[in-house]
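Position 101 (the sequence shown) corresponds to 101 in our numbering; numbering is contiguous.
Simulated from the structure, these hints should not be mistaken for lab results.
For every residue, glycine included, the Cβ atom is placed at its ideal position computed from N, Cα and C.
Do not rely on the hints blindly, as some may be mistaken.
Said to hold, decoys possible - Think about it this way: if two alpha-carbon atoms lie no more than 25 Å apart in a straight line, the pair counts; the simulated BS3-like pairs of lysine-lysine are:
#1 Lys26 <-> Lys62
#2 Lys93 <-> Lys26
#3 Lys81 <-> Lys32
To be verified - Simulated DEER-style distance windows between Cβ atoms:
#4 Glu100 <-> Arg50: 14 to 24 Å
#5 Arg24 <-> Asn58: 21 to 31 Å
#6 Asp66 <-> Ser101: 31 to 41 Å
#7 Glu80 <-> Asn58: 29 to 39 Å
#8 Lys89 <-> Val57: 39 to 49 Å
#9 Asp51 <-> Glu29: 32 to 42 Å
#10 Asn58 <-> Lys93: 33 to 43 Å
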Amino acid sequence: LGAILAYFQQNYCLASPLLNQRPREKEREQIKSVFSDFNRQFELITNDHRDIVVPDVNLASKLREDCQKIVLSKYRPFYEKYRQVNFTKNPDKYFKYTPESIANTIDNLFNATL
Numbered sequence: 001l002g003a004i005l006a007y008f009q010q011n012y013c014l015a016s017p018l019l020n021q022r023p024r025e026k027e028r029e030q031i032k033s034v035f036s037d038f039n040r041q042f043e044l045i046t047n048d049h050r051d052i053v054v055p056d057v058n059l060a061s062k063l064r065e066d067c068q069k070i071v072l073s074k075y076r077p078f079y080e081k082y083r084q085v086n087f088t089k090n091p092d093k094y095f096k097y098t099p100e101s102i103a104n105t106i107d108n109l110f111n112a113t114l
């Protein structure tokens, strides 16, 4: 999940049109790219971690909590900001995950009771 955070930190600044303006084509493409790449990375990483079991319940809980803090601290503001921006005709393609669905997905990682 650290890869998601690193990518997000690196690319967050690229997609920054003002909320009150319609983004230009280049900005729309950058926003689309950030969401598409995030979605792809999130799916790859969570699929890779789905089979990892942490038998220590407290440690597993701490890992989930830390992952949520890391990912959601960057994703939630980005999601909320661009949810208000008309940058695509296909919002479901880019808003694939809500912050709540990301939290739920992470909540199911490292579980010893699979």
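Do the hints match the structure? See the list:
no.: 1; hint: Lys26 <-> Lys62; result: violated (40 Å)
no.: 2; hint: Lys93 <-> Lys26; result: holds (18 Å)
no.: 3; hint: Lys81 <-> Lys32; result: holds (13 Å)
no.: 4; hint: Glu100 <-> Arg50: 14 to 24 Å; result: holds (19 Å)
no.: 5; hint: Arg24 <-> Asn58: 21 to 31 Å; result: violated (49 Å)
no.: 6; hint: Asp66 <-> Ser101: 31 to 41 Å; result: violated (19 Å)
no.: 7; hint: Glu80 <-> Asn58: 29 to 39 Å; result: holds (32 Å)
no.: 8; hint: Lys89 <-> Val57: 39 to 49 Å; result: holds (45 Å)
no.: 9; hint: Asp51 <-> Glu29: 32 to 42 Å; result: holds (35 Å)
no.: 10; hint: Asn58 <-> Lys93: 33 to 43 Å; result: holds (39 Å)
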